[in-house]
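S.K.: Single-letter residue listing:
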Amino acid sequence: MRESGEEWVRELEATGYHLPPERRPGAGPIALLGLALGILLIGIQLWLLTLAFNLYLAGKRSDTLVAAIISGLVFLGGLAMLRVLGRAGTSRD
Amino acid sequence: MGAVTPDQDGRPLSNRTRAGRWQVEFPYGWDADELVSRRHLLRWAVWASGALFAATGALAGLSYVRERSRGSKQAIVAAAAVPPGGVHYFNYPTSDDQALLLRLAGGQLVAYSGKCTHLACAVYWDAKDGKLRCPCHNGQFAPETGDPIAGPPSRPLPRITLQEEGGIVYALKETPA
Numbered sequence: 000m001r002e003s004g005e006e007w008v009r010e011l012e013a014t015g016y017h018l019p020p021e022r023r024p025g026a027g028p029i030a031l032l033g034l035a036l037g038i039l040l041i042g043i044q045l046w047l048l049t050l051a052f053n054l055y056l057a058g059k060r061s062d063t064l065v066a067a068i069i070s071g072l073v074f075l076g077g078l079a080m081l082r083v084l085g086r087a088g089t090s091r092d
Numbered sequence: 000m001g002a003v004t005p006d007q008d009g010r011p012l013s014n015r016t017r018a019g020r021w022q023v024e025f026p027y028g029w030d031a032d033e034l035v036s037r038r039h040l041l042r043w044a045v046w047a048s049g050a051l052f053a054a055t056g057a058l059a060g061l062s063y064v065r066e067r068s069r070g071s072k073q074a075i076v077a078a079a080a081v082p083p084g085g086v087h088y089f090n091y092p093t094s095d096d097q098a099l100l101l102r103l104a105g106g107q108l109v110a111y112s113g114k115c116t117h118l119a120c121a122v123y124w125d126a127k128d129g130k131l132r133c134p135c136h137n138g139q140f141a142p143e144t145g146d147p148i149a150g151p152p153s154r155p156l157p158r159i160t161l162q163e164e165g166g167i168v169y170a171l172k173e174t175p176a
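Read top to bottom, the protein sequences are chains A and B. Residue numbering for the first sequence follows numbering that gives the first Met the number 0, starting at 0 and increasing by one per position. Residue numbering for the second sequence follows numbering that gives the first Met the number 0, starting at 0 and increasing by one per position.
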């Protein structure tokens, strides 16, 4: 008798248990890398926010705007990364 | 992510075919195993990034919308009462805001807010060193520009625009930097 395999899958699914969908090899580490990058970029954005606040208090309008634009680009990069990872794996990763 | 186990024919088993008998007897949903997946956490991180961008953008917008100059025309002191290298302390734009008027060695008059841009301690004129000094953390500012030159302050002292009229020095407005 096989201890694992399609036979068990059929029996298991009959109980209402949902098995994880197939995922591509390496999808997990890629998601982890994306998460690490995301956290690093959030750190940069936090620094940009404090910098923008300092520039705002110093009355430097154009420099505050530059900080906001860089922060926006980081956010757009994060959205793009989320989109790419959405295609690369499953929600398990 | 467990190790890939081969089946009886030596082929690696996929996630689906790795199910065991124990899972039939204890059919807990796999998605309940991990309440927060890496992908979910990444999604939250991206939204947090959006919030940080919104805050930074709001500051940039505010700097264009909100006028940061304060004060109105106010007489300070007779111009002749401040000799070169001398200082006159006064309150501007309100009676609670300390400010200082300096006559530089070249004869030019300059005025700054007397509130340190680090932690708002009172700044004083150190005639011996020729610097504006904050005693709390030894911050120093250049008398010519109000720029920070030493210590923790990173922003210049807010400058007060002056006008000399009939021998009297007037403060017109205070602007940051």
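Think of the hints as simulated: they come from the structure by calculation, not from any bench. Please note that the accuracy of each hint is not assured.
Claimed, not checked - Mimicking BS3-like on lysine-lysine, the simulated pairs with C-alpha atoms at most 30 angstroms apart in a straight line are: (1) B:Lys130 x B:Lys72; (2) B:Lys114 x A:Lys59; (3) B:Lys172 x A:Lys59; (4) B:Lys130 x B:Lys114; (5) A:Lys59 x B:Lys72.
S.K.: Confirm or reject each hint.
M.R.: Structure-based check of all given hints:
1. With a CA separation close to 27 angstroms, the supplied pair Lys130 (chain B) and Lys72 (chain B) stays within the 30 angstroms bound.
2. With a C-alpha separation of about 19 angstroms, the suggested pairing of Lys114 (chain B) with Lys59 (chain A) holds against the 30 angstroms cut-off.
3. Simply put, Lys172 (chain B) and Lys59 (chain A) have alpha-carbon atoms about 17 angstroms apart, close enough for the 30 angstroms limit, and the pair holds.
4. Between Lys130 (chain B) and Lys114 (chain B), the direct Cα distance comes to roughly 15 angstroms. Compliance with the 30 angstroms bound is thereby established for this hinted pair.
5. With a C-alpha separation of about 24 angstroms, the suggested pair Lys59 (chain A) and Lys72 (chain B) falls inside the 30 angstroms cut-off, and the hint holds.
Every hint from the earlier list agrees with this structure, and none is contradicted.
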